[in-house]
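Note that the protein sequences, when read in sequence, are chains A and B. For the first sequence, the numbering used here gives the first residue as 1, with consecutive numbering after it. For the second sequence, the numbering used here gives the first residue as 590, with consecutive numbering after it.
For the record, the hints were derived by calculation from the structure and aren't laboratory data. Values in this document were obtained by computation on a predicted structure and should not be read as measured data. Please note that a few of the clues may not be correct.
Computed cross-link-like contacts, BS3-like style, restricted to lysine-lysine with a CA-CA straight-line distance of at most 27 Å [unchecked claim]:
1. A/222 - B/796
2. B/736 - B/718
3. A/264 - A/222
4. B/707 - A/222
5. A/109 - A/481
6. A/109 - B/686
7. A/481 - B/686
8. B/718 - A/222
9. B/776 - B/693
10. A/222 - B/693
11. A/107 - B/686
Chain A stretches covered by chain B per the calculated footprint, using a threshold of three residues with CB under 8 Å from any CB of chain B [as the list claims (entries may be wrong)]:
12. 70-83
13. 292-300
14. 337-345
15. 399-405
The beta-carbon is built from N, C-alpha and C at its ideal position, and this holds for glycine as well.
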Amino acid sequence: MAQSFPEDVLEHVFSFLNHDRDRNAVSLVCKSWYDIERLSRRRIFIGNCYAVSPEIVIRRFPDVRAVELKGKPHFADFNLVPEGWGGYVYPWVVSMAGAYPWLEEIKLKRMVVTDENLELISKSFKNFTVLVLLSCEGFTTDGLAYIAANCRNLRELDLGESEVEDLSGHWLSHFPDNCTSLVSLNISCLGSEVSFSALERLVARCPNLKTLRLNRAVPLEKLPNLLCRAPQLVELGTGAYSAEIQSDIFSNLSEAFLGCKQLKGLSGFWDVVPAYLPAMYSVCSQITSLNLSYATAQNPDLVQFVSQCGNLQRLWVLDYIEDVGLEALAAACKDLQELRVFPSDPYDAEGNVTLTEQGLVAVSEGCPKLQSVLYFCRQMSNAALVAIARNRPNMIRFRLCIIEPRAPDYLTLEPLDAGFGAIVENCKELLRLSMSGLLTDRVFEYIGTHAKKLEMLSIAFAGDSDLGLHHVLSGCESLRKLEIRDCPFGDKALLANATKLETMRSLWMSSCSVSFGACKLLGQKMPRLNVEVINERGPPDSGPEDCPVEKLYVYRTIAGPRVDMPGFVWTMDERVSSRFSRATEGHGD
Amino acid sequence: MDMISKEHKKEKLGFEETELRLGLPGGGGIVNGDLVINGKRGYTETVDLKLNLALKETGKEENSQKEKNLISCSNDSIKSPYKAQVVGWPPVRSFRKSIMAVQKRNSEGGGAAASFVKVSMDGAPYLRKVDLNMYKSYQDLYGALGKMFSSFTMGKCDSRGMMDFMNERKLMDVLNGSDFVPTYEDKDGDWMLVGDVPWEIFVGSCKRLRIMKGTEAIGLAPRAMEKCKNRS
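Work out the full structure, taking the sequences as your base and the hints as a guide.
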């Protein structure tokens with residue numbers, strides 16, 4: 001092989017590679033490329049914080065400026081992961097505080113963050129600019145005060161949908177008067193009222209502010225004050241969108257929106273009073289992203305508003321939109337790429353809205369660019385799914401939730417195997433699939449045969465036997481994340497495909513039929529997997545070996561078993577048998 | 590480990606006993622017996638679903654057999670309007686659930702908007718606002734008002750939360766006995782004693798609240814009587 005280019009030339013070439021996959025690929029070419037790459041890597045994405053340790057990361061990549069970490073498994077969103085399971089950012093912050101003094105960005109998802117962590121972040125990184133906390137928990141508004149006060153060049157503070165203990169709104173007033181750097185501020189998850197005058201002054205002195213997502217406590221009457229001071233806004237999340245019906249409030253609001261020539265995205269709309277929706281008509285045609293998923297407006301107000309937004313690319317909405325609204329959407333919004341329809345009343349078996357499979361079929365027919373769907377409904381048919389699949393072979397994300405578990409095709413009473421089979425067969429680029437309804441092993445056969453690009457699969461209340469799981473594990477070549485609940489999948493498929501698990505990020509199985517014995521075997525045979533058994537009712541060895549475990553979380557790792565497990569989590573490894581002879585905690589390590 | 594075939598791996602790892610035997614999909618070669626799990630796994634103890642599913646018989650007996658092992662379900666197909674909830678199903682995030690719950694509470698008071706009314710108390714330096722839709726009964730409201738204006742003391746309510754306005758004597762006792770009494774301005778612009786109509790009607794007709802000194806409220810009582818007599 002010819003001599004490589006001089007190091008600095010290679011480094012320059014690598015600087016054009018920003019995607020992790022490209023950088024990982026070049027690092028495998030040879031030792032010198034590996035070294036040049038690792039010294040010049042500035043951004044790190046770690047999809048599972050337990051797959052690697054901070055020490056290993058720091059040793060390999062000594063000069064990182066941006067870190068993105070994910071903690072708990074996805075099913076934690078639906079309360080399936082018990083409190084205290086893990087996902088602590090603490091060891092990462094402590095290590096990085098020492099090793100990465102020039103760190104600028106931290107993005108966390110589903111992790112536990114404390115006020116002390118936030119204080120440490122605010123004091124350790126002089127150039128800190130971006131903090132994104134999505135679906136995180138464990139901190140209070142006091143922690144936010146440290147960030148506001150100490151991060152001189154803060155550009156982005158995004159609290160996502162985190163669970164923040166809301167002690168007061170006073171933290172916002174900690175932004176110093178000379179802070180003018182904000183580009184993005186999302187406080188929509190907070191309950192308590194921030195000082196409006198502090199907020200107003202902050203918005204006024206940040207000329208680069210592009211994204212502002214307010215919380216519910218900011219009243220509608222005051223929104224114009226903010227909009228007038230930030231006409232350059234691109235994304236706006238309103239506070240509560242309700243007020244007494246008064247013409248001066250309406251006219252102030254309309255006028256303020258008229259001035260927002262750059263506005264592309266709207267969200268918020270809590271407690272929406274439909275009479276105020278027309279105040280936004282002047283911006284509707286420029287809006288590409290609309291999140292009405294907390295807006296309890298109904299038709300005709302709702303469909304009237306949405307139909308004004310002809311350039312919509314993304315719509316999140318409640319099922320109040322109904323089939324009739326989706327038909328109007330299909331006619332008006334030809335650029336639509338992503339649709340999410342959430343249930344207004346998820347626990348009502350009957351539902352009081354007319355939202356059926358028809359609405360989704362209509363959108364799949366009318367919107368040629370539709371590629372991403374999340375749809376909650378109460379009835380579905382194979383015919384509808386087949387139609388959707390044929391209409392939209394460009395679909396890449398398809399998540400369907402039929403509210404009743406194991407609901408069959410409502411027309412034929414058959415399983416929905418054929419329908420989902422059509423989806424995976426026609427949509428060859430499908431990356432993500434969530435299924436529901438009555439499904440047998442057959443659907444998994446279709447998935448294993450056709451879903452070659454599928455990276456994430458979510459299964460609930462489906463399948464007949466281990467054959468189903470085996471089809472998926474043996475057939476889905478690109479599978480990275482598999483999450484399963486309440487399915488009759490057990491030991492055989494899991495053990496037969498043990499090596500597949502090392503090619504994936506993680507596997508979650510809860511309320512299935514995987515026995516404790518099989519978990520032990522898997523853990524013993526696969527040292528580079530952490531096989532975590534989660535049993536809240538007691539140690540898994542308190543019953544016979546063939547007793548199923550409550551929850552199983554398997555993930556590949558080079559960091560070994562973790563040391564921060566709570567009492568109800570056990571890692572299965574070689575030392576399992578000796579550990580279980582010790583009475584008490586039955587702890588991981 | 591280098592990438593060797595799965596079958597080879599299976600041998601290395603001693604999985605012979607658990608080896609799956611697969612025939613052609615859909616063909617007669619599938620030996621289902623090897624793959625079907627044994628339903629007796631003490632499953633019902635470990636699954637805490639409390640479902641009341643309407644199981645539709647799809648003609649697959651195997652299906653229903655396993656389902657019965659998986660869940661404790663009832664065989665009747667009657668759906669109750671509000672099902673016992675399965676943990677984490679439907680998959681709606683907690684953040685969304687809590688927001689929707691609050692908004693639903695607000696809207697159930699009648700009308701999509703919150704029903705804010707001003708509350709003044711004689712002698713207090715500032716007014717307050719309450720959202721009447723946040724409360725389900727007079728007791729609820731009195732509790733909240735009591736907290737807001739801590740020197741506020743109430744006349745008694747009977748168990749239905751309505752004062753016995755037809756009993757003049759009792760009314761006089763109440764008005765003379767307590768320091769402050771809640772009154773409200775209704776849609777007609779009249780000042781009424783709080784508590785004389787059913788809660789829902791009160792919420793619909795109340796424009797503002799005023800907590801008056803008991804002695805001043807006496808003047809209201811006869812008018813309240815008049816109005817009630819006219820209504821009934």
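Hints versus structure:
no.: 1; hint: A/222 - B/796; verdict: 24 Å, holds
no.: 2; hint: B/736 - B/718; verdict: 13 Å, holds
no.: 3; hint: A/264 - A/222; verdict: 21 Å, holds
no.: 4; hint: B/707 - A/222; verdict: 19 Å, holds
no.: 5; hint: A/109 - A/481; verdict: 16 Å, holds
no.: 6; hint: A/109 - B/686; verdict: 19 Å, holds
no.: 7; hint: A/481 - B/686; verdict: 25 Å, holds
no.: 8; hint: B/718 - A/222; verdict: 18 Å, holds
no.: 9; hint: B/776 - B/693; verdict: 26 Å, holds
no.: 10; hint: A/222 - B/693; verdict: 24 Å, holds
no.: 11; hint: A/107 - B/686; verdict: 25 Å, holds
no.: 12; hint: 70-83; verdict: holds (count 5)
no.: 13; hint: 292-300; verdict: holds (count 4)
no.: 14; hint: 337-345; verdict: holds (count 4)
no.: 15; hint: 399-405; verdict: holds (count 4)
Against the hints set out earlier in the document, no violation occurs for any number.
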